[in-house]
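Engineer: The primary structure of each chain is shown beneath.
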Amino acid sequence: MKQKNSFLPVTVICLVIASLLYVFAPRGEGFFSVLNLIIRPVLSPFGALGTNRLSELDTVKAENRKLLEKLITFQTIIIENNALRDQFQTTYPKSNLLVPARIIGGQSLVALVNSFEVVILDKGRKDGVVVGQAVVVGKYLVGKVERVGEYGSRAMLVGNPSFSLRVKIIPKDLEAQTVSFPLGLLKGKSAGQMDVENVLLSEKISVGDMVVSVGDEDENGIGIMPDLIVGSVGSVDKKPSALFQSAQISPGIKLSNKNMVFVVTGAQR
Amino acid sequence: MNAFFVLIVFLSFILQASYTSIPLLPGVLLLLYLFKRAEWVFVFALVLGVLLDIVLVRKIGISSLFFIGFLTIISIYERKLEIYTKEFVGIVSFLGGVGYLLILGESNVLLQAGLGSLMSVLLFLCVKRWFAKSMIAL
Chain A
1307 MKQKNSFLPV TVICLVIASL LYVFAPRGEG FFSVLNLIIR PVLSPFGALG TNRLSELDTV
1367 KAENRKLLEK LITFQTIIIE NNALRDQFQT TYPKSNLLVP ARIIGGQSLV ALVNSFEVVI
1427 LDKGRKDGVV VGQAVVVGKY LVGKVERVGE YGSRAMLVGN PSFSLRVKII PKDLEAQTVS
1487 FPLGLLKGKS AGQMDVENVL LSEKISVGDM VVSVGDEDEN GIGIMPDLIV GSVGSVDKKP
1547 SALFQSAQIS PGIKLSNKNM VFVVTGAQR
Chain B
3 MNAFFVLIVF LSFILQASYT SIPLLPGVLL LLYLFKRAEW VFVFALVLGV LLDIVLVRKI
63 GISSLFFIGF LTIISIYERK LEIYTKEFVG IVSFLGGVGY LLILGESNVL LQAGLGSLMS
123 VLLFLCVKRW FAKSMIAL
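From first to last, the protein sequence lines stand for chains A and B. To convert, take the position in the first sequence, counting from 1, and add 1306; that gives my numbering. To convert, take the position in the second sequence, counting from 1, and add 2; that gives my numbering.
Read the hints as simulated data drawn from the structure, not as lab findings. Any given hint might turn out to be false.
[To be verified] Residues from chain B that keep clear of chain A, each with C-beta distances beyond 12 Å, as calculated: (1) Ile24; (2) Trp42; (3) Glu89; (4) Leu124; (5) Leu127.
[Said to hold, decoys possible] Here are the simulated DSBU-like pairs of lysine-lysine, each with C-alpha atoms no more than 35 Å apart in a straight line: (6) Lys82/B / Lys1432/A; (7) Lys38/B / Lys88/B; (8) Lys1560/A / Lys1432/A; (9) Lys88/B / Lys130/B; (10) Lys1564/A / Lys1478/A; (11) Lys61/B / Lys1445/A; (12) Lys1544/A / Lys1445/A; (13) Lys1495/A / Lys61/B; (14) Lys1564/A / Lys61/B; (15) Lys1560/A / Lys61/B; (16) Lys1495/A / Lys1478/A; (17) Lys1432/A / Lys1544/A; (18) Lys1495/A / Lys88/B.
We put the CB at the ideal spot given by N, CA and C, even for glycine.
Let the hints inform the model, and build the full structure from the sequences given.
Structural biologist: So this is what it looks like as structure tokens:
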């Protein structure tokens, strides 16, 4: 058996190398980005396992999502009309630069059962991806970029317990004269579930209402843009004695059968 | 035994890099240290940590620093404790998992560390049962 003393030089050398890497190469540029390009194709088939399980039910769900997208577009138009009527000003349509990114890995507590809480994307700094940008599929918000490497990035999904976002709740039976909506704070829970909290008790929310982002972009257009669909209200927890009410949110989209997402770079806004 | 450990390390790396956030590698490195007792385990910890940080787009070196520190602490306390027991493996890999997840700022720390610890204990029992003859030399 080796003596414990013989480990000391190796341990010290390893600790020094790791410390130097941590201090001088935290972003993984140069050699490490090349290494990432080499390793990723090896891991990629494993990350893609469990996807592409399109069944008839999935097709129906996809159609339902498209209908919901149309509904939210219609509702957005109504809101814009209200704003025009009230303030005689218009909001110019904005065009966003979307960068398609392939999901090449993901993490959750039990990945095969739960949906991912974090995904690794194959687009990084070289493609214009920066921290804080929104990750979408269609008009659905799926997460935001939390770390960026040269050729890859890491996105925190909306169901991650560390994720939070200001949202508004749009009633399913929206009336034309509606100008304001209940606001709340969306928080991810474990296993990809979400809650909207801090909704005023006086506000009326019901099952099926749409939850959309309020928007938190900065002056450079980086952040989560407004009116992205997060999901719909699954159940409401309203206690007369409490200050606020909360609601459980059913995710608008599941990434289990998706290989591709889009990063909103905001470069051409 | 060598082939078994190569397989376990490879599988743990693939799972942690592509699928799950359960800390498998601290437990696997602990077992590797216990059953191999060689300097290269530290080098292995360094390389695995760097690769893991690269593929998961983390600050490079953070996992390596933790793994090497974790193994160093075990090497310091190994003479004071009975290390070839499932209790030691369970407790140490649990504490290692908790520390690793806290450093990375992950959620569900206790549950994930518990699952990682359970897997380490199961692997430890498998190694003890299947490679009993090899262990006599240790």
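Engineer: None of the hints should be skipped; say for each whether it holds.
Structural biologist: The hints, checked one at a time:
no., hint, verdict
1, Ile24, "7 Å, violated"
2, Trp42, "8 Å, violated"
3, Glu89, "22 Å, holds"
4, Leu124, "16 Å, holds"
5, Leu127, "22 Å, holds"
6, Lys82/B / Lys1432/A, "51 Å, violated"
7, Lys38/B / Lys88/B, "17 Å, holds"
8, Lys1560/A / Lys1432/A, "28 Å, holds"
9, Lys88/B / Lys130/B, "10 Å, holds"
10, Lys1564/A / Lys1478/A, "27 Å, holds"
11, Lys61/B / Lys1445/A, "32 Å, holds"
12, Lys1544/A / Lys1445/A, "29 Å, holds"
13, Lys1495/A / Lys61/B, "25 Å, holds"
14, Lys1564/A / Lys61/B, "27 Å, holds"
15, Lys1560/A / Lys61/B, "28 Å, holds"
16, Lys1495/A / Lys1478/A, "24 Å, holds"
17, Lys1432/A / Lys1544/A, "47 Å, violated"
18, Lys1495/A / Lys88/B, "33 Å, holds"
Checked against the numbered hints above, the structure violates hints 1, 2, 6, 17; every other hint is satisfied.
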